[in-house]
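Chemist: Chain by chain, the residues run as shown.
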Amino acid sequence: GAVEVSVRSPVACWFSAMLHCFGGSVLSSLMLAEPPVAFLANGTNILLASSVWYLVFYCPQDRFCQCFAFLPLRLLVAGMKEVTRTWKITAGIAHANGHFKDAWLVMVAVGWARGAGGGLISNFEQLVRGVWKPETNELLKMSYPVKVTLIGAVLFTLQHSQYLPIARYNLMFLYTVFLVVSKVTMMLTRSATSPFAPIEAALGSMFFGLPKTPSKVKGEGATSSNDSSVSDRSSSEQHCDSTKKREAKKTE
Amino acid sequence: GAVEVSVRSPVACWFSAMLHCFGGSVLSSLMLAEPPVAFLANGTNILLASSVWYLVFYCPQDRFCQCFAFLPLRLLVAGMKEVTRTWKITAGIAHANGHFKDAWLVMVAVGWARGAGGGLISNFEQLVRGVWKPETNELLKMSYPVKVTLIGAVLFTLQHSQYLPIARYNLMFLYTVFLVVSKVTMMLTRSATSPFAPIEAALGSMFFGLPKTPSKVKGEGATSSNDSSVSDRSSSEQHCDSTKKREAKKTE
Amino acid sequence: GAVEVSVRSPVACWFSAMLHCFGGSVLSSLMLAEPPVAFLANGTNILLASSVWYLVFYCPQDRFCQCFAFLPLRLLVAGMKEVTRTWKITAGIAHANGHFKDAWLVMVAVGWARGAGGGLISNFEQLVRGVWKPETNELLKMSYPVKVTLIGAVLFTLQHSQYLPIARYNLMFLYTVFLVVSKVTMMLTRSATSPFAPIEAALGSMFFGLPKTPSKVKGEGATSSNDSSVSDRSSSEQHCDSTKKREAKKTE
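Residue numbers (full-length UniProt numbering), protein chains in the order written: chain A, 1 to 252; chain B, 1 to 252; chain C, 1 to 252.
Careful, some of the hints might be misleading.
[Unchecked claim] Straight-line alpha carbon distances no greater than 30 angstroms define the calculated BS3-like cross-link-like pairs of lysine-lysine that follow:
hint	chain 1	residue 1	chain 2	residue 2
1	C	Lys147	C	Lys101
2	C	Lys141	B	Lys147
3	B	Lys101	A	Lys133
4	A	Lys141	C	Lys147
5	B	Lys147	B	Lys133
6	C	Lys101	B	Lys133
7	B	Lys101	B	Lys133
Derived by calculation from the structure, the hints in this document are not laboratory data.
Please work from the sequences and hints to get the whole structure.
Modeler: The structure is reproduced here in structure tokens:
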């Protein structure tokens with residue numbers, strides 16, 4: 001899909017890529033009624049993301065993608081992306097706290113939106129490319145990055161309200177290490193079973209009376225739709241596309 | 001639909017319920033460029049709405065729903081919901097007047113959005129649950145609550161601009177009584193024919209040259225899709241869902 | 001489509017027409033986090049646009065549309081519409097410059113949104129009428145007015161940053177003359193081949209490595225979906241509708 005769009009309409013392709021990279025800041029700006037175009041004002045980031053986008057899609061003979069198919073490089077980039085996630089969550093929470101003093105739910109929501117924005121607005125990002133899949137979205141079937149960002153947002157909000165007896169930099173360090181380790185493990189083992197699956201099943205059956213087996217089946221189902229960098233993609237185009245997004249995200 | 005979603009993804013179900021309950025404040029905040037997450041800052045309301053949501057969907061053996069299937073209790077809750085509608089409309093108009101001095105259309109629009117918000121954004125609320133029905137929306141086929149809220153918004157705006165020679169509290173009292181009486185009548189007679197149907201048909205044929213018969217046919221068609229608490233639902237799940245929404249709305 | 005909607009639901013039809021006329025200001029307000037209902041505060045414009053809307057859709061025996069089927073009158077109205085486009089672009093750029101000092105991309109984006117807003121949000125305008133076409137949008141397949149507005153926004157931004165050695169009023173004059181001449185030519189020759197087609201093909205093959213022939217085929221394909229006032233419409237209703245939109249747009 002993505003390659004065809006890039007040939008038919010470079011503008012839509014570029015806009016979709018930008019929405020993927022800067023979705024977090026667009027969504028959190030909308031939620032706090034600030035100009036969602038603010039991300040365009042930072043010329044350096046846009047330039048960096050745009051050049052990565054250009055190299056991925058229009059580099060002759062796909063040289064750029066072939067570089068990033070090299071595993072250690074992919075691990076490095078994926079790790080760096082997870083590090084920025086921590087920064088984005090804490091920035092979102094501090095931002096929300098500036099608007100609404102001590103409103104926990106707002107802090108969690110904005111931190112989550114900032115950290116996982118690209119995933120949460122994926123329905124509208126796909127609409128730009130002419131794809132519309134109303135029957136699913138990241139709230140109905142949360143992918144692993146979205147889940148882990150939600151947990152991070154809750155943790156950092158608790159820390160911010162001083163309910164968690166731990167210093168901020170310690171929590172940031174531990175959370176980032178956890179993110180990077182779980183991401184690298186998932187990439188190396190090519191498995192997509194979330195580390196939270198057993199906890200989720202337990203919570204689900206305790207609070208929501210969910211039967212245990214369907215919950216596990218759902219877990220398997222989610223496997224295939226999980227983060228694209230994990231599963232063993234045969235189609236090199238899709239791989240390229242996900243590489244690009246990861247790389248560009250690094251630039252934020 | 002709703003029960004299946006609640007089993008598959010409690011997060012999407014909760015978000016959809018919140019969007020239904022607080023849709024009015026989200027929509028009017030967006031229209032006036034204020035943070036749409038402001039409703040999350042009021043912890044008490046969220047807690048109340050969330051506990052009702054939890055009891056409706058996950059109470060063992062559906063005890064909670066069975067309570068609200070008791071008719072007098074349903075009448076009471078429906079009546080209270082209509083009372084809050086009046087408050088919401090006047091709050092919306094006062095709010096809009098603070099931003100745009102004496103702009104009548106803005107006042108009508110914001111008052112309407114605040115009072116009937118859950119209905120107007122129903123397309124997007126359904127999208128959260130993975131349902132997408134582009135061929136209809138509340139503007140194309142207005143339900144009775146949306147219509148009556150529009151009339152209320154026009155009346156209160158006229159009163160605010162002192163075109164209507166009546167005191168504010170008198171108008172509020174009369175409008176609320178009208179809302180409650182018409183709602184209770186509709187629930188008791190299980191009919192869904194809007195009291196405005198003849199007036200609408202007359203206005204339609206006068207200003208828009210509509211043929212009289214199609215307009216009536218449309219009226220019949222709207223019957224089935226009208227406010228869910230009116231029609232005699234056989235499916236108890238749907239009934240439960242609508243009960244929940246009504247109840248939760250009371251909490252606003 | 002449009003006539004049927006106007007019979008079934010005048011409210012949705014009116015709202016859709018307003019969204020078409022004032023889409024530019026709604027979109028640019030959203031992008032700069034200002035109240036998107038601000039356009040409703042200008043009573044005169046709304047009144048003018050609404051009366052044109054009323055005359056087009058509900059005038060007995062379609063007298064109003066028949067007037068505008070007269071070619072010289074259509075040319076005049078189309079020309080006036082193009083003149084307002086220049087004003088809207090420069091207003092959008094000045095507005096964006098007030099919020100973000102010297103952020104070029106923001107200026108281009110807001111100027112473009114202001115000038116071509118009705119086209120860019122056409123997906124959502126159609127949704128109000130109950131039509132949903134996710135497989136295409138103005139970014140995937142840009143129509144001529146949207147393209148020419150983008151070029152205008154880039155030119156005026158360059159001029160604003162003093163990269164273009166030309167006075168503002170000269171640029172405005174030249175750009176407006178170009179707009180009007182190209183529009184009138186397209187209306188008279190009933191052709192829809194964009195004057196930019198060869199330049200686009202050259203740029204596409206240079207930067208994006210597009211094969212030359214598919215690009216031309218795309219050009220032909222775009223012909224039929226191009227600006228509705230150009231192609232020789234057989235259906236007089238559609239013609240009426242486009243006339244209305246053009247006329248109403250003049251009122252801004």
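Chemist: Each hint should be assessed against the structure and marked as holding or not.
Modeler: Status of each hint after checking the structure:
no. : hint                : in the structure
1   : Lys147/C x Lys101/C : holds, 25 angstroms
2   : Lys141/C x Lys147/B : violated, 38 angstroms
3   : Lys101/B x Lys133/A : violated, 42 angstroms
4   : Lys141/A x Lys147/C : violated, 38 angstroms
5   : Lys147/B x Lys133/B : holds, 21 angstroms
6   : Lys101/C x Lys133/B : violated, 42 angstroms
7   : Lys101/B x Lys133/B : violated, 37 angstroms
Hint compliance for this structure: hints 2, 3, 4, 6 and 7 are not met, and every other hint is.
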